[in-house]
Amino acid sequence: MEDFTPISGLVGGLLLGSATALLLWLNGRLAGISGIVGGLLTPKSGDAGWRVVFVIGILLGVFAWTLLAGGGDLVQIETSLPVLGVAGLLVGFGTRLGSGCTSGHGLCGLSRFSRRSITATLVFFGVAMLTVFLVRHVL
Amino acid sequence: MVRMFVALFAGMLFGAGLAVSGMMNPAKVLGFLDVAGDWDPTLAFVMGGALLVTVPAFWGILRRPRPLLASEFDLPTKKTLDVRLLGGAAVFGVGWGLSGFCPGPAVAALVPALAGGLPAVFVFTGAMVSGMFLFGRLSGKPAKTAE
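Residue numbers (the numbering used here), protein chains in the order written: chain A, 1 to 139; chain B, 1 to 147.
These are calculated hints, taken from the structure and not from any lab test. Since the model is a prediction, treat every value here as computed from it, not as a measurement. Watch out, some of these pointers could steer you wrong.
To be verified - Across the chosen pairs, the derived CB separations fall in these ranges:
#1 B/W59 - A/P6: 31 to 39 Å
#2 A/Q76 - B/L68: 36 to 44 Å
#3 B/G116 - A/R115: 21 to 29 Å
#4 B/A115 - A/P82: 37 to 45 Å
#5 A/P43 - B/L69: 19 to 27 Å
#6 A/P82 - B/R66: 42 to 50 Å
#7 A/G46 - B/S139: 15 to 23 Å
Quick reminder that beta carbons are idealized off the backbone N, C-alpha and C, glycines included.
Chain B with its partners taken away, still in its complex shape (with noise of 0.2 Å):
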């Protein structure tokens, strides 16, 4: 139960990130990767103030034996580099790169979108979904993810 409030929190506390940095707003997102353009370096601060608190924090958390309220840490086993990885990671960029939208304000972005006036929101979350469920019909199982 406290779990599942800390995952509302820590939602919220992201959820806010994502509307204050400005990334929610794939114009903006999309002037940070148009570095031949009118270049918005803002992406960066964006991922150099959650780095400035990640970084030295993970350290210090996946020291300890186990998170505070669950009994193991999560995290992706693999190590090595495979073609799956690459190509996803490509296929998201080409994605990423024609939107804007990447999949956190992708969802953020709903609230505006649900607000009013916004169905481009509805018509590219609701492909990313779709992406991401074809996927795993595909696959079947699932590799375990990083995120």
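Chain A with its partners taken away, still in its complex shape (with noise of 0.2 Å):
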């Protein structure tokens, strides 16, 4: 467990809450990612704009962090390029079928105790702990 880094994780856990209680708060909207960019490729009229602007505002917290924190291992990446081109189209058709992903079942859905959110937590957790144990361990 050398890499476990608990105060960071729960600091930006809390950041994460924090962003997504404000959206709902002020807009009524659900912080999810994989809905907010989803709904940019099939847009209704008067809908895209919040959606793109929450996406400039994440590339833009990241940035600023990137300056103070700097460079570094931010982002490590052991896969390969084919596998990451078939896990990408996985996860953006999985998340659009399944209606969620890590933010809007995960965190949002258990939020409000929904049934369809916290059965899909739990499904694609346990799904993605077999695919590791299976690409780590027997294959």
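Two independent chains are provided; combine them into the complex using the hints.
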């Protein structure tokens, strides 16, 4: 567990939670990233603007943190490019089919005690853990 | 206009949260998902920290008749479990386990990728958006989403 970083994890989590609460409290919207990005691909009129702005916000927030913290090991990828391509398709298609991802079901849904989101969260965490187990310890 | 500013600010907090927490880093996420390996529990602390805010906040917010700056809350209406939900979550789980990327971090990681040296992020995020686009084309009218 040499990589365990509970403090920055907790602080980052508080930021994610604050962002999510703020968006619901003021704008009445759930901060589910697959829904926000996916909604841009099949836009309804008057509904695209805030999605674009939110995504730009994410990029600015990361950029600000990168300036403060320096580059370093912010993103480490060991997966091969072909596998990443397949995984990306699965993540994009699956989150839209299942109506949500780690933020929409995992964070917003659990906070609303939604039965659908609790179920989806258990399924994608379970399947992801099984996938990692197969890739790292069996294959 | 004010709502746009709120969306921008909330996005910035969200992006900062992903970066600070380490969840923008697929290696760290895979460290959590790899329960049989050198397990890194950080993701549970991120989720815990976030829920510490959202569970009480959502409880208070959703008791109000409407959000502060909009006419109504935009929430999913579906209540029943169905094959689409379970199948979608499973498909997402496979992709997440293969890569360590879910949608938020895949967007956030574009920043270090643009700063240089990470073509792999463009491959993943490009494929992810293609997968979303494909779903939109196949399904025609998407169901109201949870997120």
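Going down the list of hints, with the structure as the test:
1. Between B/W59 and A/P6, the C-beta spacing of about 26 Å breaks the proposed range 31 to 39 Å.
2. Between A/Q76 and B/L68 the beta carbon distance is about 40 Å. The supplied range of 36 to 44 Å therefore holds.
3. Between B/G116 and A/R115 the C-beta distance comes to about 44 Å, which lies outside the given range of 21 to 29 Å.
4. With their beta carbons about 24 Å apart, B/A115 and A/P82 fall outside the hinted range of 37 to 45 Å.
5. As the Cβ distance of A/P43 to B/L69 is approximately 21 Å, the hint placing it in 19 to 27 Å holds.
6. At roughly 48 Å, the beta-carbon separation of A/P82 and B/R66 lies within the given 42 to 50 Å, and the hint holds.
7. Distance hint for A/G46 and B/S139: a CB-CB separation of about 22 Å, consistent with the stated range 15 to 23 Å.
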